[in-house]
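Trainee: Following the hints, position chain B against chain A.
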Amino acid sequence: MSFKITVASGKGGTGKTTVATNLYWSLVKNFDNDTLLVDCDVEEPDDLLFFKNAILRSEVKVTQAVPEINTSKCTYCRKCVEYCEYNAITVIPPVQYASIAPDLCHSCGACLYACQDDALIEKDHEIGLMSGYDVGFGKGLLEGRLKIGSAAQTPVIRRVKKEALDAASVILFDAPPGTSCSVVTSVLDADFVIMVTEPTPFGLHDLKIAVELIREMDLPFGVVINKAGLGDRAVYDYLEDEGIDILEEIPFNEEYARKFSEGMILSRIDKNYAIHYQKIIRKILEFKQQ
Amino acid sequence: MKTIITANGSDVNATLDPRFGRCEFFCILDEETGETEFIENKAKLQSSAAGTTAAETVIEQGVKKVISGDFGPKAKSLLDRFGIQMVILKDEGQIIANVINSITGK
Numbered sequence: 000m001s002f003k004i005t006v007a008s009g010k011g012g013t014g015k016t017t018v019a020t021n022l023y024w025s026l027v028k029n030f031d032n033d034t035l036l037v038d039c040d041v042e043e044p045d046d047l048l049f050f051k052n053a054i055l056r057s058e059v060k061v062t063q064a065v066p067e068i069n070t071s072k073c074t075y076c077r078k079c080v081e082y083c084e085y086n087a088i089t090v091i092p093p094v095q096y097a098s099i100a101p102d103l104c105h106s107c108g109a110c111l112y113a114c115q116d117d118a119l120i121e122k123d124h125e126i127g128l129m130s131g132y133d134v135g136f137g138k139g140l141l142e143g144r145l146k147i148g149s150a151a152q153t154p155v156i157r158r159v160k161k162e163a164l165d166a167a168s169v170i171l172f173d174a175p176p177g178t179s180c181s182v183v184t185s186v187l188d189a190d191f192v193i194m195v196t197e198p199t200p201f202g203l204h205d206l207k208i209a210v211e212l213i214r215e216m217d218l219p220f221g222v223v224i225n226k227a228g229l230g231d232r233a234v235y236d237y238l239e240d241e242g243i244d245i246l247e248e249i250p251f252n253e254e255y256a257r258k259f260s261e262g263m264i265l266s267r268i269d270k271n272y273a274i275h276y277q278k279i280i281r282k283i284l285e286f287k288q289q
Numbered sequence: 000m001k002t003i004i005t006a007n008g009s010d011v012n013a014t015l016d017p018r019f020g021r022c023e024f025f026c027i028l029d030e031e032t033g034e035t036e037f038i039e040n041k042a043k044l045q046s047s048a049a050g051t052t053a054a055e056t057v058i059e060q061g062v063k064k065v066i067s068g069d070f071g072p073k074a075k076s077l078l079d080r081f082g083i084q085m086v087i088l089k090d091e092g093q094i095i096a097n098v099i100n101s102i103t104g105k
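Taken in sequence, the protein lines are chains A and B.
Each residue of the first sequence is one higher than the one before, counting from 0 in numbering that gives the first Met the number 0.
Each residue of the second sequence is one higher than the one before, counting from 0 in numbering that gives the first Met the number 0.
Next comes chain A alone, as it looks inside the complex:
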C-alpha cells in the first residue's frame, strides 16, 4: 500500500505547488526514491514547469461517456429530461427536437435508465489529457490536464488518481485550490493532508473553510505557513485556538520568490531552504508511526 500525502489549501497562491515540488525533491532525496508526484490541479497544472528536463513517457486521452439521442427511435416522451438533474437534455415534442449538451452532462446515466425506447447511446467525449513524465529523479510526475472548454474536473482527477493507485510507495498529490468537488476528489483517500496557508486575512479566511472540509472528511492534517513574516498573527492565533499542528513555517524571501518564478526547485540549490522540507517529512513520519 502506498502512503498518500495530499497538498491542499483554501486560498489559491499560498504555495501548494511550491510545497509539492520541493517536498517531492526532499522525499526522493532523503526518504524514498520510489515517490510519485501527481498534479491534480487539472485546470492549471503547473508542477511540470519545475522539471526542465522532463521527458514525456505516456499520454492518454481522458474521456467521459455522454449519451446522444437517436431521433429515429425517440418518441419525445421527455422522461429523460425529467430524470436529468443537470438540465443537460432538451426535448421539444411539437417540433420533434431532442439533444444533450455535453458541457452540462455529468455522465450519471439516469437518462439511460429513464429511456424506454432505446433511443440513447453513450459516446466518448474528450475532456482532458493524462501525461506521465520522467523528471530525472524519483518515480516522476503524473499530470491531469483539463481540455480547454471542458468543466469536468473531477472525472479527470479520478482518472489520474486511478492511474496513480499503488504506482509508488509514496504518492504526493498536488490538489487544486478551494474547497469544491475537485478538492474533495483530490484529498478523499489521503493518509495525510498538508494545508498550505499564508499569514494574511485572505489566507486565514479560506483556511478556515478548508479546515472545516478536512475535518468533515475526518482526515489527518497539519498546516504549513508559507510566506511567514508577511501579514499578521491572526492565522497563528486561529491555529492555536483550534489546536492545529503547524508542520513548518517557511519565511517569505524575495530571492526565493524570484527563483521560484524562474521555475527552480529551491531545495535542490539552497540547503537552508531544504531544511524546512526535511522538517515537514519528519513530522509526517512521526504521525505515520503513531
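I should point out that these hints are in silico values taken from the structure, not numbers from a laboratory.
Remember, it's a predicted structure, so these values are computed and weren't measured experimentally.
Check the hints yourself; a few may be wrong.
As the list claims (entries may be wrong) - Residues of chain B clear of chain A, computed beta-carbon distances all greater than 12 Å:
no.: 1; residue: T14
no.: 2; residue: L77
no.: 3; residue: I94
no.: 4; residue: I102
As the list claims (entries may be wrong) - For lysine-lysine, the following DSSO-like pairs were computed, each having C-alpha atoms within a straight-line distance of at most 30 Å:
no.: 5; chain 1: A; residue 1: K122; chain 2: B; residue 2: K75
no.: 6; chain 1: A; residue 1: K258; chain 2: A; residue 2: K282
no.: 7; chain 1: B; residue 1: K75; chain 2: A; residue 2: K72
We put the CB at the ideal spot given by N, CA and C, even for glycine.
Mentor: Chain B alone, transformed into the frame defined by chain A:
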C-alpha cells in the same frame, strides 16, 4: 402572428424583463388581435440551462418573434435553429403596454 415579450410581472403594466432565460413572465401577444396572455417562466430559478429551457417554452408556444433585453449563447442558437426572430430592446424599464403599442401601431 404571436410574439413573446419577457416581462417582470403578469400584466401589461409590468416592465420589460431584460433577462431572457431568467425572466419572471412571458407575455404572449397576438399581433392581429392585440390580446395578451401571461405565463410564468418555469426556468427562472433553474440552477443551469435556464436559457435553453426558456427557449423551449418559446418554441412550444409557436411564436415567431421574441423581445427581450438580451439572449445567452445557448438560447440564441436554439431559437435561431427554429427561425425565431430575436429582438433586443436596450431601453430597460419600458412598460409592456408601450412595447405592445409600438408593435400593433396603436
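Trainee: Could you run down the list of hints and mark each one as holding or not?
Mentor: Hint by hint, here is what the structure shows:
T14 (chain B), annotated as away from the interface, keeps every beta carbon of chain A farther than 12 Å; the closest lies near 27 Å. For L77 (chain B), the requirement that its beta carbon stay farther than 12 Å from each beta carbon of chain A is not met, with the minimum near 7 Å. The beta carbon of I94 (chain B) sits about 31 Å from the closest Cβ of chain A, which is more than 12 Å, so the claim that it is off the interface holds. Once the 12 Å rule is applied to beta carbons, I102 (chain B) is consistent with being away from chain A; the minimum gap is 24 Å.
Between K122 (chain A) and K75 (chain B), the direct Cα distance comes to roughly 26 Å. Compliance with the 30 Å bound is thereby established for this hinted pair. For a cut-off of 30 Å, the pair hint linking K258 (chain A) to K282 (chain A) stands: about 26 Å separates their Cα positions. Of the pairs offered as hints, the one joining K75 (chain B) and K72 (chain A) holds, with about 27 Å between alpha carbons and a cut-off of 30 Å not exceeded.
Hint check: a violation occurs at hint 2 only; the rest are consistent with the structure.
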